[in-house]
Every structure is written in C-alpha cells, then in structure tokens.
Amino acid sequence: MVSQIEAQLLRDDSNLKYDTNMRIYLHQLIVKLGRKLNLRQVILSTAEVYLTRFFAKVSIREVNIYLLVTTCIYISCKMEESPQHIRTILSEARNCWPEFVPNDLTKLAEFEFYLIEELDCYMVVHHPYNSILDVVNVLKDGDPSTKLDISPEELQTCWSIINDSYITDLHLLFPPHIIAIGTLYITLVLGIDVRKTIANSAKLPDPRMDNFVKFLASSNIDLSEVIETVQEILTLYEIWNSYDEMTIRNGLHHMLLNMNR
Amino acid sequence: MSGRPRFQRYDRPQYNDEYYDDRYYYRNDYYHNDRYYYEEPRLPTGPRATSAPTAPKGNTQPAFKRAKVSNKNVMEDDEDDEFARNDMVFMRPVDLKGAVFERINQVGEGTYGKVYKAKNKITGQLVALKRLRLESEREGFPITASREIGLLQSFNHPNIVGLSEMMVEKNAVYMVFTYMNHDLAGILQQAEIVISDGEKKNIFKQLLRGINYLHAKKVIHRDIKGSNILLDDKGVLKITDFGLARRMKNINSNVESPNYTNRVITLWYRPPEILLGSTDYGREVDIWGIGCILIELFTRHAIFQGTDEIDQLWKVYDIMGTITVEEWPDCNTLPWFEMLRPNSHKPSLFRHKFGSLLSPQCFNLATKLLAKNPKNRISASDALRHPYFMEEPQEQKLAFVDKIEGEWHEFEAKKKRRQLREAKQKEMVKNSG
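Sequences listed follow chains A and B, in order.
1 is the number of the first residue of the first sequence in the working numbering; add one for each residue after it.
1001 is the number of the first residue of the second sequence in the working numbering; add one for each residue after it.
If you are wondering where the hints come from, they were derived from the structure by calculation, not from laboratory data.
Computed from a predicted structure; not experimentally measured.
Worth double-checking, as some hints may not be accurate.
Think about it this way: if two alpha-carbon atoms lie no more than 35 Å apart in a straight line, the pair counts; the simulated DSBU-like pairs of lysine-lysine are [to be verified]:
| id | chain 1 | residue 1 | chain 2 | residue 2 |
| --- | --- | --- | --- | --- |
| 1 | B | Lys-1218 | A | Lys-36 |
| 2 | B | Lys-1346 | B | Lys-1397 |
| 3 | A | Lys-107 | B | Lys-1117 |
| 4 | B | Lys-1315 | A | Lys-32 |
| 5 | A | Lys-140 | B | Lys-1249 |
| 6 | B | Lys-1217 | A | Lys-147 |
| 7 | A | Lys-140 | B | Lys-1217 |
| 8 | B | Lys-1249 | A | Lys-147 |
| 9 | B | Lys-1114 | A | Lys-107 |
| 10 | A | Lys-57 | B | Lys-1119 |
| 11 | B | Lys-1097 | A | Lys-32 |
| 12 | A | Lys-36 | B | Lys-1249 |
| 13 | B | Lys-1315 | A | Lys-57 |
| 14 | B | Lys-1117 | B | Lys-1414 |
| 15 | B | Lys-1097 | A | Lys-107 |
| 16 | B | Lys-1217 | A | Lys-57 |
| 17 | A | Lys-57 | B | Lys-1353 |
Bound-form chain A, shown alone (with noise of 0.2 Å):
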C-alpha cells in the first residue's frame, strides 16, 4: 500500500511545484469561482488564507485542488457569515471544472472536516482591509506635518494589491497592518498604476513621500517587516509577468487524471 501511494506521487511531474506561478494558478481558481457565486472579497480571501496555510503542511500532489479550493470557499462562506449552500457551490464548482470535482455532496462534506482538522479549528482571519482605511483616516486628520491625503483611486489600488497580496505567504507571517501599510507605500511610490509602473519603471517621485515618511518614522511600527512586505509583493509581479498558465494547468490536469487511474 505504501510502496504503490509512493510510487504514485513521486511519478514524474517535476513541473508541479508549489511556487509563485502554481499559487497564481490557484489564486485565479478562487476568484473565478467567488466571481460565479457572487461572493464578497473578504470571503475569498479567507479562503485563500486557508489554502496556504493547508499547502504549508500538506502536499500539493496528494489533493485534487478543484476540491480543495471549493472547499475553502465554502468553510470561509461559513465563517464570514454569508453561508451559501452546499449544493449551490457544489453545482457552480461542477460549471468550472466538471471533469475534476465529484458530484457527490459527501465529499464536499469529508473534505471540509479534513480540512478543518488540518488548520487546527483556528478559522478566524484578520484582513488588512480594515486597518488600511484606519491608516488612511489617521493620515488624512493627522498632524499637520504628516497630514496626507489618499484619493479613493490610491484606496482603490491599496485594495487590489492586498487582494493580490493573498497569493502569497505574507499572512501568515505579519500582521494585517503591516501589510495595508506596505500596500500604501506601493501605492504612493509607483501611483495608480502599479503593474504598468514596474514594466517601465518611469514615475516622479510623489511629493507626498516625505509626509508618508515622517508619519512612518514615527509610528512605531516594523519597518523591517513593511520592507519585507514591499519586496515580496513586488516580486510577486514580477514573477507574474512571465506567467504561463497553460503549462500549469497542463502538468496539474496530467497529474490528476493519472492519479484516479
């Protein structure tokens, strides 16, 4: 028994790592699958919370991930307070990728105790959304010499970098404010336009940075962890720029289909 599970996962599929471009895999699993059932943000991203900390103790090659990530999604419905039925999400996951999830409610159920198990029954996540308006209403009625403005845009972009911030392993390591601060910083040195700005590395200096600086220096707060922070999302979009989405999904789908035979 053991000897035929070893031989089945150490099969040759040497392309199916658990790095950068397998989470950005998953990470658009969850969100086309949050998109379908109409789901809020934050509940994405408790999900997507929960997958990372499942893949810090378990395999990649031993779970059908279409199962894991409807999983997730459905646990964190649960847990942020929309709960959505078994069979509704079950039914929409069968949409996106009907050859991969089972049609089969029990397994849903299995798989979520599995899972809850596996995460200790620890269910409950803090998310930078809320401290990154904090931070921006103590910035905007702060003292005079670090008073700062944020446009809704900014707020806009801080947002979508702390979705994208999900695909990496920074929840688990910092705190929420750590990372809405780091977002903010992003934001102000490369404007609106993030992901443009790194492509062409062209933008002026924003005259508001020294505030920003003052308010940081400060504030108390872990400046080795914001930097931290920055570097890991800005390397994030770099990895995303030579991402290649097929050859993930052919090595993933390769290897589930061999695993049922």
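Given the coordinates of chain A, assemble chain B onto it according to the supplied hints.
Just chain B now, kept in the frame of chain A:
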C-alpha cells in the same frame, strides 16, 4: 525567480519549494498507520506536561498524539510522584498508553451532543469535554459549531468560559474547557445552599461583566439561562454555551432588517419581542434573560414558566402587565402582535409580587432589566453603574461555594429529582399494596 533570497517561514525553517520532498516524507510516515486522517504530533498543553521516564518501554505510543476519549477507567497511578521529581522540566515527551483524557461522568446534555467531565491523565487537570456529534450532518460542519469555535477563540475575559483545546475525530468534534464544578441552575435548585444578599450581588455583577464584554464585542449570546452560567469552587462565574450565539450583522438597522432567526433562547427566558416574532432584535434579548436570573437568585425558581410559546407570553403579561401603547409605541409592527393580542388589559403585578422581596434599588434594576419594550431595557454597561451596586450590603466573596457538598449542575439536579420522585412512587405503591 528573482535573485533576491526568499525569506524563510517562521514556523517551518526548511520550508522552500526545493524541500518539497522533505515534506512529503514527513507526511508519508502516517501512511504506515493506514489512516486517511493523519495524526500530527501535538504537544500536551501546560508547563507541567512532563514525562514519566520509567514508563514501560515497548508497545507504547507517544502520548501527545491526538487525544482519543475512551471509557477506560483504570489509570496508572505512578505519575504524580514523577511530576514532583521533575518539577524543573518544562516539556518532555510522554510515554502514555491510550487516551489522554479519561472520561469520568456526564454533566450536561443538549441538542448538540453531550458534555462530560474528564481528567487529563498527563497533567491531572479536570476538564469539561463538549462533544459535538456530526454523524447526522449531511451538510458538513454545522455553521453553529463553526460560529461557536470562532467566537470562543476570540474571547478573553474572566467571566467567559475559555476554550483550551479542540480535538477532531472522524465523526465528532470535542471542545475542551476548564472544568467548572457547578452551574447556577443546579445551585439554585438545592434549597440547602444558602446565598447571602452580598453574594447574590457578587454573582450578578460577574454575570453583568461577562455580558457587557460580549455586548461590547457585538456578540449576542441568545441562550442566557441558569444552566449556561457556571461557577467554580473559587467563586468565579463564567458564561458558557455559545451554540446559539452570533456576531451582530454590520448593517444600519434603520435601513434594512438584520433578519436573525426567531427560534432562539430557552422558552422561559425569552423576551416579549422574540415571543411576538421579531427577527430584527438586538443585544436586549440577553438583558431580559439576565433580569429573569436576577429574580431567580432571590426566588430560586424561574419567574415566567410557560408551557409553550403562547402560554409563555401570557405568563409574562400576568406578572408584567399587558403592553401599552405609551410604553411601546411601535409594538404593532411586530409580526405576531395582532394575532396574539390579549382580550383584556392587565395591570403589572411586578411590584406587588417582588417589591417586598428585593431591596428598592434592586427592584428598580430588575424593572429596568425586564422592560417589555427592548428600547427601554437598560444596557449591560448602564446596569453595571446602577446604584444597586453602590448600596449596602456590599458585594461579598462567595463563601458558600466552600460548603457545597458534591457538584451541582442542572443535569445532576434533574437526576436527583427524578430519583426522589421514583423513590416516592415506589413507596406509595408499597403502601397501597
């Protein structure tokens, strides 16, 4: 990949994509046990979780595997001495056969499952194990259970029960709590336990502090009653059972209705707005239950004992009087108000019945807690500032807990009453035969 070295995970230093295979082998050990739900080594809680080095070698398993509850009543008794000798050791692997928790007896029951008193064989600590049965759940993990777990993990207050651990088994989830000797319902039913007025004040203040904490966190308990209020042998009160509790929806209730379920709170402690079908209630529903308990501390039995929903409403009207438009102008917006309109107007008999039993300030507080219109009901934070807590007698340490013989939960009190009743019946049969 960029050239920058990736930083490392704090929890798993070797974590890296390249180390993938390590993680795989790490997990693979568990397949030897031929289990799908693999078991991860779990450290025992508490600094005294040290080992018995002389424990038998051989066919033993590491004890900090996932605990399993068994009915085993025998346990090795050489452990306590070992602790004494190894006092300085912070943590050490334990060789222990079988389960960590030894079940002692049942102390409670509900729709969710059962509550057991149990002993941690490693630390000797007494715990309450709340078992949620999941066999009948076709929908997966019940939302009430996930709410309860999430809420309990977010609490930190001396008057709210603390969740020390969770255990997951194939068909059940166990929640591990510190054991509490009594519950308020069990104690109040024992006529031989005498509670002084100062002690009552102490109990009630602790209860209000707990509720105030919950309400400040925008949590509604929705099942306040005597058997959900625990007392330990040091006189600390803790609110328990968050199986019906929920966080309030973050909406403007003037614009849209929160639409909570109406099927909450044990009948005798249900406030009038719930009995009249409200689904946009708020934290006030807990305050009514608190008011009922204040009266119960003095009378020793529940104040409104209805047999069904409608009878419950009549019982409330009998004592508190029927609803008048002056005190509750928008009462006709409640769903079942017209349907359950009483035939005649009744005055309030509350003062007549309880005015002499309670001190004037205490009576005043009870009136405010039991206001029929939820908008007029006092909040927990205001109740804590009520003059009742200033007047004599001042609150006293709970001395009666030292004198209590046995442990009284509502479950045991019920059992005792049932046994008494059966004995009486037997006696009667004997006498008549």
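> Going back to the hint list, which numbers does this structure go against?
Replying inline: 2, 4, 11, 13, 17
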